[in-house]
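Colleague: Sequence:
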Amino acid sequence: MNIIISGSMAYDRIMAFPEYFADHILPDKIHMLNVCFQVDGVTEHFGGTAGNIAYALRLMGTQAHVSATIGHDYHRYFKWLEENRIPAGGIKVIDEEFTAGAYITTDKADNQITGFNPGAMKHSSDLDFDALDSENTIVIASPGNLEDMINYPRACKERGIRCIFDPGQALPVLQAEDLIEAITDAFLLIVNDYEFDMIKNKTNKTREELLALPQATIITFGEHGSQLLVNGTETAIAAATPAQVVDPTGCGDAFRGALLFGLAKGLDLAESARLGSICASFAVEKHGTQVYSFTEEEFALREQTF
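So for the sequence shown, the numbering used here puts the first residue at 2; every next one is plus one.
I should point out that these hints are in silico values taken from the structure, not numbers from a laboratory. Glycine included, C-beta positions come from ideal geometry on N, C-alpha and C. One thing to keep in mind: the hints can contain errors.
[Said to hold, decoys possible] Cross-link-like lysine to any residue pairs, in silico, SDA-like; alpha carbons within 20 Å at most:
1. 201 to 182
2. 109 to 248
3. 201 to 217
4. 203 to 235
5. 203 to 243
6. 206 to 182
7. 266 to 59
8. 201 to 177
9. 30 to 155
10. 109 to 206
11. 201 to 174
12. 109 to 158
13. 287 to 243
14. 109 to 14
15. 158 to 123
[Stated by the list, open to error] Label-pair ranges, simulated between beta-carbon atoms:
16. 160 to 107: 42 to 52 Å
17. 185 to 307: 29 to 39 Å
18. 307 to 247: 27 to 37 Å
19. 248 to 20: 40 to 50 Å
20. 36 to 62: 19 to 29 Å
21. 110 to 242: 39 to 49 Å
22. 132 to 74: 51 to 61 Å
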């Protein structure tokens, strides 16, 4: 099975402010805000939906074709991909842009101020659909370039390619008509419960009307597991238990990577989603999105107790 991951490549730069934002912001002066927070250093993590999903897939034991864009500062990311045996051939370098980046400052109370530069993500990855074997390809359209998120599901439908639509963080900028078109007849819609309600509100669809559009839907509920909904039938997927809960960031992408692995191995959606839950439980144990790891034996042991 040829797996195509459309999404973003990004650097996540995380800074810790050892005090409280509230102590440095005057409520009666927010109309002319001018503050500086001195942080205790910066940690950089490799991120982006495409990178995160490809990383999870590699841990599961298979590779995918990443269709994304990256900026002229790509060298560190490409080295990381090479070290982890993740092919970078489908990643398009945009020489005039920086790689997409999130700049996250967290204070003592876990409040966050984030700045995001889309950079290279503003450009299409220009995936060549005519070169794909439609019968043996599955595409996941994850948050990344907006045009790709709209056009790639359409191209999949035109060619009979199975497409997983994963709108995630892009929901605020996707229009209702584009959402409906992308979801209709998709092989799978995958969202968390908050995102599902956002789609309902944006499209003015009822729960039943929305669930009738794709062939199947997975709604995730964090520590409470997920639901697989197909033709009016609901299957509960439990959440696997992590050794410790440190940071949920990137767990959704870990879930998607293992889900794709299961589908590529010929498992059904419920079985694949269970693999996703197990993989996500490892991701929650670490800070960052491509930091966790596990051996085949460790995964099998957690699967036995799942």
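Colleague: Sort out whether residue 59 lies within 20 Å of residue 266, counting only the CA atoms.
Modeller: 14 Å, holds
Colleague: Hint check: residue 30 vs residue 155, CA-CA at most 20 Å. Holds or violated?
Modeller: 48 Å, violated
Colleague: Does the beta carbon distance between residue 185 and residue 307 stay inside 29 to 39 Å, or does it fall outside?
Modeller: 33 Å, holds
Colleague: With the threshold set at 20 Å, check whether the alpha-carbon distance from residue 158 to residue 123 stays at or below it.
Modeller: 24 Å, violated
Colleague: Between residue 287 and residue 243, does the CA-CA distance stay at or below 20 Å?
Modeller: Holds, because 10 Å separates the two Cα atoms, which is no more than 20 Å.
Colleague: When you take the CB atoms of residue 36 and residue 62, is the distance between them in 19 to 29 Å?
Modeller: Since the Cβ atoms of residue 36 and residue 62 sit about 47 Å apart, the hinted range of 19 to 29 Å is violated.
Colleague: Can you let me know if the beta-carbon spacing of residue 110 and residue 242 is within 39 to 49 Å?
Modeller: At 28 Å between Cβs, range violated.
Colleague: Going straight from one Cα to the other, do residue 201 and residue 182 come out at no more than 20 Å?
Modeller: With a Cα-Cα distance of about 14 Å, the restraint between residue 201 and residue 182 holds, given a limit of 20 Å.
Colleague: Taking 20 Å as the top limit, are the C-alpha atoms of residue 109 and residue 158 close enough?
Modeller: 48 Å, violated
Colleague: Below or equal to 20 Å on CA atoms is what counts here, so check residue 109 against residue 14.
Modeller: 17 Å, holds
Colleague: Would you say the C-beta atoms of residue 132 and residue 74 sit inside 51 to 61 Å of each other?
Modeller: At 28 Å between Cβs, range violated.
Colleague: Would you check the hint for residue 201 and residue 174, treating anything up to 20 Å between C-alpha atoms as holding?
Modeller: With a Cα-Cα distance of about 15 Å, the restraint between residue 201 and residue 174 holds, given a limit of 20 Å.
Of the numbered hints listed earlier, those contradicted by the structure are 4, 5, 9, 10, 12, 15, 18, 19, 20, 21 and 22.
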